[in-house]
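Colleague: If you're matching them up, the sequences are chains A and B in order. Sequential numbering of the first sequence, starting at 44, is according to our numbering. Sequential numbering of the second sequence, starting at 249, is according to our numbering.
There could be a bad hint or two in this list.
Said to hold, decoys possible - Heads up, simulated DMTMM-like pairs for lysine to aspartate or glutamate below, C-alpha to C-alpha not over 25 Å straight-line:
1. A:K295 / A:D310
2. A:K372 / A:D205
3. A:K518 / B:E255
4. A:K168 / A:E266
5. A:K168 / A:D205
6. A:K97 / A:E265
7. B:K405 / B:D458
8. A:K293 / B:E427
9. A:K372 / A:E201
10. A:K293 / B:E454
11. A:K313 / A:E167
12. B:K336 / B:D304
13. B:K423 / A:D345
14. A:K218 / A:D185
15. B:K405 / B:E428
16. A:K518 / B:D463
17. B:K352 / B:E477
18. A:K293 / B:E428
19. A:K168 / A:E201
20. A:K518 / B:E466
21. B:K336 / A:D650
22. A:K295 / B:E454
23. A:K518 / B:D251
24. A:K130 / A:D100
25. B:K336 / A:D647
26. B:K405 / B:E466
27. B:K336 / B:E351
28. B:K352 / B:E404
29. A:K293 / B:E450
30. A:K293 / B:D453
31. A:K518 / B:D316
32. B:K469 / A:E520
The hints are simulated quantities; they were obtained by calculation from the structure and are not laboratory data.
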Amino acid sequence: MTDTVELRIDGEDGREHSVTVARGTTILDAAHGAGVEIMATCGARGRCRSCRVKLVDGAVPPPSVQDTVQLGPEAVRERFRLACQTKLIEDTRVRPAPPKSESGYQILGGKAVTAAMALDSGVEKQPIVVQPPKSEHHQTSDLEEVLNALGTSVTTREVVPDLVRDLAAKLRERKGQLTATLFRGRLVDIEVGDTSGQVYGMAFDIGTTSVVGSLLDLRTGEELAAVGTINPQAPFGADLMSRIAFAQFKPKNLQLLRGKALNALNDLIKEACAKADVSAAHIYKIVVVGNTCMHHILLGIDVSYLGLAPYAPVIRDAQTIPAADLPLKAAPRAHVCTLPILAGFVGADALACVLSTRIYDSEEIRVMVDIGTNGEMVIGSRERLVACSAPAGPAFEGAQIRHGMRGALGAIERIAIDDDVHCSVIGGEAAVGICGSGLIEACARMSEAGVINASGALTRNVEALPPAVGRRLVKGEHGPEFVLVWGAESGKGEDITLTQGDIRQLQLAKSAIFSGVAMLQKEMGVAPDEIAELLLCGGFGNYVDVASAVHIRLLPEMPVERITYFGNAALMGAQMALLSEAEWRRADDLLNRIEHVALAARPDFQDLFIAGMSFGAPGRAGAAAEKVAVAI
Amino acid sequence: MSDPVLEIPEGWEQRAPEGWEWQTLWVAVEEGDHGYTAERVQQAIDAGIDPRVILDDGLFPGFNLQGDRFSAQIIFIPEMLITARAMKAGLALIRPLLAAAAEKPLGTFVMGTVLGDMHDIGQSIVTIMLENAGFNVINLGTDVHPDRFIEAAAAEKADLVGFSALLSTTVYYQKVTIEEFQKAGHRDKVHILIGGAPTSQEWADECGADGWGRDAMEAVKLARRLVTEQRASWD
Chain A
44 MTDTVELRID GEDGREHSVT VARGTTILDA AHGAGVEIMA TCGARGRCRS CRVKLVDGAV
104 PPPSVQDTVQ LGPEAVRERF RLACQTKLIE DTRVRPAPPK SESGYQILGG KAVTAAMALD
164 SGVEKQPIVV QPPKSEHHQT SDLEEVLNAL GTSVTTREVV PDLVRDLAAK LRERKGQLTA
224 TLFRGRLVDI EVGDTSGQVY GMAFDIGTTS VVGSLLDLRT GEELAAVGTI NPQAPFGADL
284 MSRIAFAQFK PKNLQLLRGK ALNALNDLIK EACAKADVSA AHIYKIVVVG NTCMHHILLG
344 IDVSYLGLAP YAPVIRDAQT IPAADLPLKA APRAHVCTLP ILAGFVGADA LACVLSTRIY
404 DSEEIRVMVD IGTNGEMVIG SRERLVACSA PAGPAFEGAQ IRHGMRGALG AIERIAIDDD
464 VHCSVIGGEA AVGICGSGLI EACARMSEAG VINASGALTR NVEALPPAVG RRLVKGEHGP
524 EFVLVWGAES GKGEDITLTQ GDIRQLQLAK SAIFSGVAML QKEMGVAPDE IAELLLCGGF
584 GNYVDVASAV HIRLLPEMPV ERITYFGNAA LMGAQMALLS EAEWRRADDL LNRIEHVALA
644 ARPDFQDLFI AGMSFGAPGR AGAAAEKVAV AI
Chain B
249 MSDPVLEIPE GWEQRAPEGW EWQTLWVAVE EGDHGYTAER VQQAIDAGID PRVILDDGLF
309 PGFNLQGDRF SAQIIFIPEM LITARAMKAG LALIRPLLAA AAEKPLGTFV MGTVLGDMHD
369 IGQSIVTIML ENAGFNVINL GTDVHPDRFI EAAAAEKADL VGFSALLSTT VYYQKVTIEE
429 FQKAGHRDKV HILIGGAPTS QEWADECGAD GWGRDAMEAV KLARRLVTEQ RASWD
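Chain A on its own, in the form it takes in the complex (with noise of 0.2 Å):
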């Protein structure tokens, strides 16, 4: 992999424009470098989209929170992105979008941005003049002199008595310069002098193996930083039914739990804050999703019956706490957001997916497809939502594999198989291991070039592969294994194999997402190639190869071209409902829309789950799972 990335641009001249950056630059700073001026009238913030551009050739990279509050979701999908916000990953070539009679630029929440989101936090700051009472005589006080001067902004007189406390002293400290924060209508905050410019939000996704959370200024939705880590719980359980099981009927583990998680979200605060030279005491809301185990944890409910059939939540309904309540470090009086749950395995991490990828609204049959330990996907349009949760498990994160890994340095990325097997390292090493979408592509190649049948088993037939590929098929201590990289060209000082039980698990793995799909679809009544478009959601989907995950029957058959990666989903979605209120109200009414599919209690899902276990090539073997539909 070379540094640098050729960048072109179609002229408004009708020239091409070239330029050689370093990969990273920005499309905006690479065209200026290249003499093209794309307007950024709002300084390349990504409060404006005068310096949209559709791109024509190469990566469309995921749209950010920006792209989509800026754009709307029609353009986003018709690859225009913001130059500002969009890195050049790879070769590209752009044409800069026809400046509009919009007058150059539109900030946010404008109503001509079709289908765009207007900008609603609920959190709203109000610097204000307010006179102490003057004269005994007058019947007010300090608190009546504040709510009258915020007028009708306030909706409730009613505060918290921690709000008041030190109020007297406040009022007094600046010849009564105060900034009121009102938090849908309610007085949450009091400070001395002018912080109106102050106002942040956090949004998160905790996921099972990751947290993920993004600092935005909810004035303009910007952006401010993005942190994430490991979800500290997973010494605890790697997958969600292990995470469960440790929690189960074990009240203090389920406490351990929950502490590491506000941990979590504290210190990525923290950090956040920190990476944007804000202060925390300026963030008063924060939106959090996650899957139903994760959500519940967090809240400190009970998921011991979460585990059992059949698998019902607590509560559903989305939730505002105060924040201190749970607690989290921000705003003294800031509140936390959750999204609606659907089902016990469908949580608010997939609510939050239907609300940015807004396959709620469209005309079309759309798909999206969260792959994870616990994989979710929702198919629909406008007229009706279905959606249905697969456990995977985790061998798409490299557990349960014998050389499995995360895709960290060391792990195998990229394979291809001529008359011999060619491995692309992630970070250019000696590989020490695979990682899920190495082992994806892996089993594509293999079985494209005969080392595996339909079936998924290693040929037995050495003497039809080329010779260096046939000899890497070994006999290994649990049955026969296939060298990817050997021994001496490895970092582990030993074969680097897929053994016949790593494809198993990779089979049971992908089958459950691709039979989940093919569930939904039969819910739906919609073949494959009805669907307008397959919406790769979730960190995964990242940096699956789309061909490979359809050659293996992971993703429907359909073409590649209708598959498209939309970045993480689930944050995306908490950042809107983050940004407005509307966005989270819709949450709840798309909670009443979607219909859930419990697969484990359907008949039909199990002749599909068996059947998509095969990687369906043509073949004797491959019939097997055919006939099995058949026959059962």
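Assemble chain B onto chain A, guided by the hints.
Modeller: Frame of chain A; chain B shown alone:
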């Protein structure tokens, strides 16, 4: 580990009519061709071959081969299932004949997935394999309450009971169900076997089960061994 091979029953020619061959049936069961399996078994019945011989010489070789391959992970759930179903199609024809010949089942096995768990595939494979091996299996399905296991074991005079659990959150109920058998005074009347992806021999020991099957084939072997030992101790 060497590849499993087809074990041809010794002296099968002496037990079959002149010119008879089983080869095509072995392959039919191996490949899971249930139509042809049934057809071949019917021909054998019509030719007057002893049903026990049809079972041992005709059906088991292909079935055992696939079972061993399944244990070795050479074949996977889809192939094992179609073989099991072909076997079942053949068995359906000879089971009435075995019963008429007063052939007793190897034993009665009450099978189910524990409370809180909806997983069915694993235990249904084990069920078919046990039936094929000659057990009378009462399958209680999924999400089975301990009381239902106890009732069924008592009503059917079960020799063995099997608890399947596929979730780390439900293996707990394997232990609970065993404790309930204890409380109900039924623990000593049955052999209890457990299985499922999150289980292990250590877990089987910890929860007080009599045995653990790594996979369906091992479960069948274990069940067979336990009932044989039981018979031997009765003599």
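Colleague: Failing hints, ascending?
Modeller: Failing hints: none at all.
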